[in-house]
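Chemist: Residue-level listing of the chains:
Number of protein chains: 2
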Amino acid sequence: MIRADTVIDSRWVITVDESDTVLENHSIVVVADRIKDILPTPEASRKYNATEHVVLGGHALMPGLVNAHTHASMSLFRGVAEDLPLQPWLEQHIWPLEGKWVNREFIRDGALLAFAEAIMGGTTCMNDMYFFADEVGEVAEQSNMRVSLGMIALEFPTIWASSPDEYLDKGMALYHRFKDSDLVTTMLAPHAPYTVSNATFEKILKIADAYKLGIHMHVHETVQEVTDSLNQYGVRPIRRMKDLGLINQYLLAVHATQLLDEEIEMLAEAGSSIAHCPKSNLKLASGICPVSDLLARNVNVAIGTDGAASNNSLNMLEETRFAALLAKGCSGNSASVSVNEAIRMATINGARCLGIAHEAGSLEVGKLADITAMDLDVLQSQPLFSPTAQILHAATRNQVTDVWIGGNRVLNSGTLTTIDNSECLALAVKWQSRISNDN
Amino acid sequence: MIRADTVIDSRWVITVDESDTVLENHSIVVVADRIKDILPTPEASRKYNATEHVVLGGHALMPGLVNAHTHASMSLFRGVAEDLPLQPWLEQHIWPLEGKWVNREFIRDGALLAFAEAIMGGTTCMNDMYFFADEVGEVAEQSNMRVSLGMIALEFPTIWASSPDEYLDKGMALYHRFKDSDLVTTMLAPHAPYTVSNATFEKILKIADAYKLGIHMHVHETVQEVTDSLNQYGVRPIRRMKDLGLINQYLLAVHATQLLDEEIEMLAEAGSSIAHCPKSNLKLASGICPVSDLLARNVNVAIGTDGAASNNSLNMLEETRFAALLAKGCSGNSASVSVNEAIRMATINGARCLGIAHEAGSLEVGKLADITAMDLDVLQSQPLFSPTAQILHAATRNQVTDVWIGGNRVLNSGTLTTIDNSECLALAVKWQSRISNDN
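In order, the protein sequence lines correspond to chains A and B.
Residue numbers for the first sequence follow my numbering, beginning at 1 and rising by one.
Residue numbers for the second sequence follow my numbering, beginning at 440 and rising by one.
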C-alpha cells in the first residue's frame, strides 16, 4: 500500500483534459498539494492507504472553477446601486463610495467575504484587480484561496498610489512579496485604455517582458469607451493598444463587448485571452462579448464574475450558464459554446489566461489538487443523462459540497474550514451598517 | 386574541401590491387558505393566537413564484439532448422519446418530480401544457400544488387524442373535472399556429368566449415558424391569429421571440399576455423576446421556464434573473426591467395571465396564502442594501426555506411535506434507467 494524504472516491470525474474525458467510479489520490493518481476506485482501495478517505457516491469531481476577473472586496458594495448604466453607476455611486469607505480594513473584510462565497460556490482561484492587493494576498494565504493579484495602474491618484510610477513601484513590491507563494501570483493590471497613458503603458510592457507577467486590463467594455478613444486618440482602444505592442500573448482583455472582426483577428493572432463577464455586461447594459466568434478563431475565452457590486454575486456556475446560453442565443447557433466548451471556459481557459494552466484548471496527475465536488444525487439534477450537461445547465451552487485547494479541504461537507462563516457574515453586516448610516 | 392557523414573523414582506410596498418586521396571518392580516410583528403577537407560529428573523416573504409556461412531466427528459436547435431537438430527440415513453405513469412521475423541484425553488403555481393533464391535476391536488392545466389541441393524433374534436372533448372533460378544485384551473392550449388549423381555432375561440377560458399557446417561437406561415398562409402567424380573432384578452402567447412593432401594438391593444422563457429561447437559439418593448407598451409579460428538457431546470428565480439581465443587455438600457418589474413579472404578472390575479400573485389581505420565504441571512446575500435587489440578482434557490400554498406549508425548513423526496428521486432514477437502456 502506498501512503496518500487524501483519496476521494467519486461517481464521476470530469477531468477537462485535452479529450474532455469523463471517468466513472474513479478516485483521485492527493499527496501534499498535488494529484498523484486518478484510477478506478477498486484499484485505488487496493493500492493506496489514505489519511483521509472521502466517499462521494453521487457526486462529480471537477477542476475548481477559475474566476478570471473580479474585484473581490467590492462584495461589500453588493447591490448598493441598481438599474444604472456603467458611467452613472461608477461616477455617482461606486467612486464616491470607494472614496469614503475603501481602506485596509474594508479590503481585508471584503476579500474574506468574497473568498467565502467563492469557495462555497466551487471556485478555487480568482483573478483580482483592486486596491491594497497586498491585503488581499494575505487574506488569500490565510484562507488558503488561490488568487492572482493585479498590480494596478492608473493615471490619477487614489488611496493606493498617487502617480503612475508609484502604482508600478507598489506593483513590483507586490510581485516580490508573493513571488514564492504557493497560492498567490501577480499580473500587471493597468485599469483600462481610457485611464492609462501611452507612457505608462510603455513601462508596463517592459515590465511584462522582463518578468513574463500577464497584463490584466478592462478593454472595450462599452461603446462610450470606444467613442471617447476615437475622439481623443483618433483610433479605437484596441488599435491604440496594438500600436503600443500591448496586443500580445500576455494580454487578458476583460469584457471586450465591442469587437470588430479585425480586432478579433488581432487578438487571435497575438494569442491574447478574453475574460468574459456576461452578467455584469448585461446588468450595466454595456454590450455583449461576441464569444462565438472569438472561439471560432481559437481565442482563449475565460469567464469572470466582475465584482459583486455589478453582478451581484460571485457565482461562477451561474456565470458560466449565462455565458453558454447567451452565446447560443446571440449567435443564433445552439451548438455554440457546447457543454464541454463552457466547462473549459470556466476552468482550464481561466487557468491559461492567468499563466497557471500547467499547474491548475484540469484534473490530471501532477497538477495541483484544486478540486470541486458537486452533489448530483438530488432531484433537481435527476434524471441524469450527462453529468456535464446537468452541471452546466441545471445545478445550483448549493450542490457544491466539498472543495480542495492545493490539497487542502477548504469546504468540508458544505462547511468552510479556513474561514469562519459567522464571523464573515458579521463583517458584512458591520459594513452595511456603516455604509447605510452614512450614505 | 383572535384565533389564526399560522402567523409568520419575517424581517421583510415583499408584498408586490400596486405600490410595490416592502414592509419591515411584519407578520402575515393565515386563516384557512387565505391571508387574513399583514401587520407589524409586535401587534400581531398581541392580536393573534396562532396554531403555528413561524419566526423567520432573517428572511423575506414574497408571493410564491408563478411559472407561466412549462411542460412539467418533461422533467424526466432533463438533459437528454444538448446543443441543438429547436427543430432537430424536437424531431430527432424529443418526439421519438415521447412516442416511446410517454404514458400515464410517465406523466404522474414527471409531474411529481417537477412539483418537488418547483416548490423547493419557491414556485407555488405552474401553467402546464402536456399530455394526460388529468393525471397532472391529480398529482397537483395530492401534492397541494397550484396548477393551470392546458386543454391541449393539435391537428395530428398523439397518445392523448386522435382528432381535433377529441382533443377538445377531452379538454372540456378536464375543465369539468377540475372546475370546483381549490388548486387546479384550466386553459385552452392549442399547441401553436403551425400545428392547429383555422377550423380548430374557430372552435377554440367559441369555447374561450363561452367559458371565459384563457388560451395558452406557443406563438412566434422561431424564425422558421414565421417563414413557414408566410409560405403556407401568406401572413405571419400573429396576423393569421388576429384575423381569426385570437389576439384578444384571453391569449397568453408563449415565447414571442419574433415580433414586429405592429405585432407588439396588436398584442398591447388586445390586452394579451406574454410568457417569456429566456433560458429555453437562448438554449435552443430560437431568438430573444423583446421584453423591454413589450413592457413599454404595457403588455403583461410573465416568466416561464418551459420544460426542463430545454432548460434544464424549473428554477424560476434563475429564470427571472435571466429575464431581467437579458432585457437590460439586449435593449441597451440598464434601467429596463427594474428590480420591481422583474419581481412583478415572476409573480403578479404570472397570476394575471392565468386569470387568477384576484386570488394570487401578491401578498395582500384576502388573497390566497401562496407564500415563499427566502433566507437572506447568509453571506451570499450580505451586505443587504435592498432585499428585492438581492433576491433578484444574488440569491439562489436553496435560500428558499419555506413555502405555503393555499395556507398549507408544503416546504417546512427546506423539507417537502406533501412529496416524499427520496421516493421522487427514485422515480427519476427509474425512468433514467429505462430510457438510457433503450435509447
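Keep in mind that a hint or two might mislead.
Estimated spans, in silico, between C-beta atoms of each pair [to be verified]:
| no. | chain 1 | residue 1 | chain 2 | residue 2 | range |
| --- | --- | --- | --- | --- | --- |
| 1 | A | 377 | B | 471 | 53 to 59 Å |
| 2 | A | 437 | B | 666 | 57 to 63 Å |
| 3 | A | 206 | B | 463 | 53 to 59 Å |
| 4 | B | 481 | A | 433 | 18 to 24 Å |
| 5 | A | 52 | B | 484 | 45 to 51 Å |
| 6 | B | 531 | A | 197 | 31 to 37 Å |
| 7 | B | 771 | A | 377 | 55 to 61 Å |
| 8 | A | 422 | B | 526 | 27 to 33 Å |
| 9 | A | 296 | B | 457 | 26 to 32 Å |
| 10 | A | 437 | B | 492 | 29 to 35 Å |
What the hints contain is simulated information worked out from the structure, not anything from laboratory work.
For glycine and all other residues, C-beta sits at the position ideal for the given N, C-alpha and C.
Chemist: So, for every hint listed, does it hold in this structure?
Modeler: Do the hints match the structure? See the list:
1. Between residue 377 of chain A and residue 471 of chain B the beta carbons are some 38 Å apart, a value that contradicts the proposed interval 53 to 59 Å.
2. In this structure the hint that residue 437 of chain A and residue 666 of chain B lie 57 to 63 Å apart at CB holds, the actual value being about 59 Å.
3. In this structure the supplied range 53 to 59 Å holds for residue 206 of chain A paired with residue 463 of chain B, their Cβ-Cβ distance being about 56 Å.
4. Under the hint 18 to 24 Å, the C-beta atoms of residue 481 of chain B and residue 433 of chain A, about 23 Å apart, fit the expected range.
5. Remark: the range hint 45 to 51 Å for residue 52 of chain A to residue 484 of chain B is upheld by a beta-carbon distance near 49 Å.
6. Our hint of 31 to 37 Å for residue 531 of chain B and residue 197 of chain A is violated, since their Cβ atoms are close to 57 Å apart.
7. Between residue 771 of chain B and residue 377 of chain A, the C-beta spacing of about 43 Å breaks the proposed range 55 to 61 Å.
8. A hinted range of 27 to 33 Å is violated for the C-beta pair residue 422 of chain A and residue 526 of chain B, which are about 53 Å apart.
9. Hint check: residue 296 of chain A to residue 457 of chain B, Cβ distance near 49 Å, so the stated range 26 to 32 Å is violated.
10. In this structure, residue 437 of chain A and residue 492 of chain B meet the distance hint of 29 to 35 Å, their C-beta atoms being roughly 32 Å apart.
Violated hints for the displayed structure, listed by number in ascending order: 1, 6, 7, 8, 9.
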